[in-house]
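K.L.:
Chains as they are written, first to last, in the numbering used here: chain A, 6 to 119; chain B, 421 to 532.
Since the hints were made in silico from the structure, they are not lab data.
Just to be clear, a hint being listed does not mean it is correct.
Stated by the list, open to error - Using 25 Å as the maximum straight-line C-alpha spacing, the simulated SDA-like pairs for lysine to any residue come out as follows:
1. A:K111 with B:D458
2. A:K50 with B:S502
3. A:K111 with B:E492
4. A:K50 with B:K438
5. B:K477 with A:N27
6. B:K477 with B:S495
Claimed, not checked - Stretch-level coverage of chain A by chain B, calculated; a stretch enters the list once three of its residues show a Cβ under 8 Å from a Cβ in chain B:
7. 24-33
8. 43-54
Since this is a predicted model, take the numbers as computed values, not measurements.
All residues carry an ideal CB built from backbone N, CA and C; glycine is no exception.
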Amino acid sequence: GDSVTQTEGLVTLTEGLPVMLNCTYQSTYSPFLFWYVQHLNEAPKLLLKSFTDNKRPEHQGFHATLHKSSSSFHLQKSSAQLSDSALYYCALSDSGGSNYKLTFGKGTLLTVTP
Amino acid sequence: EAAVTQSPRSKVAVTGGKVTLSCHQTNNHDYMYWYRQDTGHGLRLIHYSYVADSTEKGDIPDGYKASRPSQENFSLILELASLSQTAVYFCASGGGSTGQLYFGEGSKLTVL
């Protein structure tokens with residue numbers, strides 16, 4: 006079945022340093038990949054989604070590149086901000102996004118310190 | 421204006437009791453989902469539905485039932501609540517070409 010593996014547990018960074026959260030996946034088909042972000046006591050919400058034409062999605066300074074050869078969709082940002090502290094989920098949809106059934110990774114808690 | 425609302429937001433239940441978590445969406449989406457969130461496990465799919473009066477099992481359906489009486493409403497039912505079902509439960513709706521899910525604010529369930 007489908008699975009998503011993320012950088013596990015807690016990642017602590019100093020403000021201004023680059024962010025990289027790893028995500029690799031296994032899927033029978035060619036999936037869509039997503040990054041969701043959940044701030045404390047809030048609902049998860051979409052941060053990024055992979056494109057079908059290999060364009061690199063970007064939002065709020067974050068970007069991610071889908072590498073089918075290595076089955077990866079790592080999340081990156083050049084300079085971490087305090088407001089980036091949150092729980093990040095990588096997820097995949099293996100039906101071209103058409104049935105919207107997402108498989109999530111276990112999440113990575115990012116803490117950015119001054 | 422919240423498009424996916426859950427109730428109750430917090431509940432304490434006794435072991436063996438019945439619990440119903442409700443979800444209402446105003447997004448006009450066909451798909452609705454119930455996920456469970458636990459530290460170390462992330463978000464796991466319990467049940468989902470793509471049309472009223474029909475539900476599908478997700479990845480961890482044991483101990484849970486679901487009901488979709490209308491496009492807007494989707495309930496999660498625990499007939500005999502157990503300690504292991506203590507968790508935060510998220511409802512979500514999805515639809516359109518983006519594949520994006522829209523989550524409710526979550527329902528924190530504590531089973532004692």
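K.L.:
Please go over all the hints and tell whether each is borne out by the structure.
P.N.:
Do the hints match the structure? See the list:
1. A:K111 with B:D458: Within the cut-off at roughly 9 Å; holds.
2. A:K50 with B:S502: 29 Å, violated
3. A:K111 with B:E492: Status violated; Cα separation ~29 Å.
4. A:K50 with B:K438: 30 Å, violated
5. B:K477 with A:N27: Not OK: B:K477 and A:N27 at ~29 Å, beyond 25 Å, violated.
6. B:K477 with B:S495: Cα-Cα ~13 Å, so holds.
7. 24-33: violated (count 0)
8. 43-54: holds (count 6)
Going through the hint list in order, the structure does not satisfy hints 2, 3, 4, 5 and 7.
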